[in-house]
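K.L.:
What follows is each chain in one-letter form.
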Amino acid sequence: MPIVLLLPALLGLALLLLPMAALVVRAPWGRLPAIVGSAEVLAALRLSLTTASVTTLICVVCGVPLAWLLARTTVPGRALLRALITVPLVLPPVIGGVALLVAFGRRGLVGEWLYETFGLSLPFTTTAVVMAQSFVALPFLVVAVEGALRTADHRYEQVAATLGASEWTTFRRVTLPGVAPGILAGAVLCWARALGEFGATVTFAGSFPGTTRTLPPAAYAAINAGGVEVAIVLSLLMMTVSVTVLVALRDRWVNTR
Amino acid sequence: MSLSAWLTLARGEFWLDLSLRVGSGEVVVLLGPNGAGKSTVLSTLAGLLRPDAGRVVLDQVVLVDTAAHIHLLPRQRQVGLVLQDYLLFPHLSAVENVAFGLRSRGTPRDSARAIAARWLERMDLAGLRERRPHELSGGQAQRVALARALAVDPRILLLDEPLAALDAGTRPAVRADLRRHLGTYSGCTLLVTHDPLEAMVLGDRIVVLEQGRIVQDGTPADLARHPRTGYVARLVGLNLLRGDAHGRIVTLGPQATAAVAHDASGPVHVAFPPAAVTLSLDQPHGSARNAWRGRVSDVERHGDLVRITIDGPVPVLADVTPLAVADLRLGPGVEVWAAVKATEVSVYPA
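Protein sequences, first through last, are from chains P and W.
Each residue of the first sequence is one higher than the one before, counting from 1 in our numbering.
Each residue of the second sequence is one higher than the one before, counting from 1001 in our numbering.
Don't take every hint at face value.
[Said to hold, decoys possible] Cβ-Cβ distance ranges computed for the label pairs, FRET-style:
no., chain 1, residue 1, chain 2, residue 2, range
1, W, Asp-1085, P, Ile-95, 44 to 52 Å
2, W, Gly-1025, P, Arg-250, 50 to 58 Å
3, W, His-1091, P, Leu-81, 27 to 35 Å
4, W, Val-1061, P, Leu-80, 39 to 47 Å
5, P, Arg-250, W, His-1091, 19 to 27 Å
Think of the hints as simulated: they come from the structure by calculation, not from any bench.
Note that the structure is a prediction, hence the values are computed from the model and not measured.
Every residue, glycine too, gets a C-beta built ideally from N, C-alpha and C.
Go ahead and model the full structure; you've got the sequences and the hints to work with.
P.N.:
The following block contains the structure:
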């Protein structure tokens, strides 16, 4: 094994594994139950779990039809649409937050109208948290489900049509069950991404304890305030979720040969 | 009940153009090599593909009329489709698969299941009602697919290579079964295959499709005796030559004629089985014999016999015994005489 390959490989490995190992080594294991049980951590955890779940629900309800549109119909500009949908995957989340503010802020493109007509103000609310999470997580679901639809044999749908099924019946009774594993995988990925969302959330929704401070902003606030132990515990919580998701989707996303 | 269809469709180099009639209770087999356009015809009739031009009428109902911009959707057509790999819905049980069409057409769940169960009984599958498709054998899956297509009472049944997915061992039994079920169906049946045996066994009539065109249309017996193209002749195992007849002599080429046992005139097909050909190294003698000189280009095992391909002014396939191959030292490049009795040669108008 040439040393010129081995050395950088080990260096890269250390860069990935050392921080994670540090979290485990430096965790205040003795005081863990107390910290997890504290009001601020519990509030952040509860908020994170509910918002991520609502986000996932919204993403499935809107994302599956969107994926179907991209995979099964010939809407004009489909290629461009597909490219645009994947932009949030590479866009820095903070920029996503800025964009959301410009669109839905009180002086925003749509936000101004919403505020003047309905007195509705979205920024810095729990709704804004869900919107920010949906913005970054929806592409994950759409990409996963569209992939599943593309690999699914569309002749099943043709057979259903010859048997007299309407397009809606075909979608409900043939297409949907066929891509159920893809939807599940997309939903889990979507949920994990929503749970870890930070940049767009703090920009568009802020970091107010109880209403918009989810786990990642809580960890950031804790470390800024010198609460390293709380930050470590929050990080461990997030890491556990990430690893669980990875294990759950191992066969689908990670090549275990 | 009857189907009459005229279709044209172009896809790049490929051009399909055909007229087809299927009578009530008739099983028509569309036979042809891969890429002939057989499956395209089925897809177009089922409404999954739009022809460039065409008119399809099923029982006085116009399914397609491109001139009048009529193109009924698949679900409006009352067409039963059975594809090669059956495509049973994998998440539904056998009975739910069969009930699917009825449910889609508004039959309440319980009565749909009851009707589906009766269909499974008719197909001798009563015990497999709750099985999922992956728990069925190929032959069972095919019968479920057939029941699923028939349960909605289609006016025409379209089958695309219904036996191709089965292994060779189970194919004869399933084929006999399919023949029995098709026999009891009163609507039109159009079955696509590339297997001549399947076509002979299942078809009341065989329509041969080559490169998007119908090249022959007749009963299996007619096809077997009087092939009209080299493809059909090879399928049914005959030598096929074209020529001009004057009395009992047919001119096949500049230096080639054939003697036949019946009078004929004008352009004709000349056909004879490879087993009727005898080979010799010296020119054979005999009044009612055809003898053509040629060179062996291929020797291959063919059942108990050996098939010899001979190139020359008259290309001939001959089936001879392994003993003859040894005696004559037949091998590629050997010059031989191929002889056929005039009484073995059938002649019919081209």
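K.L.:
Within 19 to 27 Å: is that where the Cβ-Cβ distance between P:Arg-250 and W:His-1091 falls?
P.N.:
Given a distance of about 24 Å, which is inside 19 to 27 Å, the answer is holds.
K.L.:
Just tell me: holds or violated, for the beta carbon distance of W:Asp-1085 and P:Ile-95 against 44 to 52 Å?
P.N.:
Since the Cβ atoms of W:Asp-1085 and P:Ile-95 sit about 48 Å apart, the hinted range of 44 to 52 Å holds.
K.L.:
State, for the Cβ atoms of W:Val-1061 and P:Leu-80, whether the hinted interval 39 to 47 Å holds or is violated.
P.N.:
holds, 41 Å
K.L.:
Starting from the range 50 to 58 Å, see whether the pair W:Gly-1025 and P:Arg-250 falls in it by beta-carbon distance.
P.N.:
Once the Cβ atoms are compared, 56 Å apart, the range 50 to 58 Å for P:Arg-250 and W:Gly-1025 holds.
K.L.:
How does the Cβ-Cβ distance of W:His-1091 and P:Leu-81 compare with 27 to 35 Å: does it lie in that range?
P.N.:
Holds: the Cβ-Cβ distance is about 30 Å, inside 27 to 35 Å.
Of the numbered hints stated above, none is contradicted by the structure.
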